[in-house]
Amino acid sequence: MRLTDTDTGTEELAHLEIIATMVFKLTNGATVKELEAAGMGEFYVNHGHDLFYTSAAGNPFTVEYIAAKGDAIANLHENMAAEQKARATYEHLIDMTDDPCVIDVLRFLREREVVHFQRFGEALRVVQEFEDSKKIF
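Residue numbers (my numbering): 1 to 137.
Keep in mind that the hints were calculated from the coordinates and are not lab data. Only a predicted model underlies this, so the values are computations on that prediction, with no experimental measurement involved. Any given hint might turn out to be false.
Below, in silico cross-link-like pairs of lysine-lysine (DSS-like), each with a Cα-Cα straight-line distance of 27 Å or less [to be verified]: (1) K69 with K135; (2) K134 with K85; (3) K25 with K69; (4) K69 with K85.
With these hints in hand, go ahead and build the complete structure from the sequences.
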C-alpha cells in the first residue's frame with residue numbers, strides 16, 4: 001500500500017510541475033496590461049511574474065487541503081474524492097480554452113486522475129477484503 005501512495009504522490013507532484021510549466025509558458029513575457037486584461041492584475045501586484053500556487057479563487061495552497069485520518073479506508077476514500085475533484089477541474093479548464101496544446105496537456109492530466117481513482121479503488125477493495133477476513137495469529 002505504501003508503494004502505491006508514494007508512486008501516486010510522486011506523480012501528483014509531477015502534475016503540479018506540468019501545470020506550473022504551462023502557466024509559466026503562457027504568462028512568460030506578458031506585459032502588465034496583458035496580465036490585467038487576463039484578470040491577473042492583483043496576482044501581478046502581489047507576485048510579479050513568479051509562480052505562486054493558488055486555487056482559481058486566489059486562495060493560497062495550504063497543507064490543510066491534504067486529508068489524512070490515520071485510517072486506510074478513510075484515507076482511500078479521501079484520495080478517490082480528490083482524484084474526482086481534480087478530474088472535474090481539468091474538464092472545466094478544458095472548457096475554458098481553445099488552445100490545442102493546452103487542451104492536450106489537460107486531457108493527459110485528466111486521464112491520469114481517472115487512472116489514480118481506479119488504482120485507489122482497487123486498493124480500497126484489497127483493504128476492505130483484509131478487514132473482513134478472519135485473522136488468526
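Next pair to validate is K134 with K85; report whether the Cα-Cα distance is within 27 Å. 35 Å, violated
Is K69 within 27 Å of K135, Cα to Cα? 24 Å, holds
Given the hinted pair K25 and K69, is their alpha-carbon gap at most 27 Å? 37 Å, violated
Holds or violated: K69 and K85, Cα atoms, limit 27 Å. 19 Å, holds
When held up to the earlier numbered hints, the structure conflicts with 2, 3 and fits the remainder.
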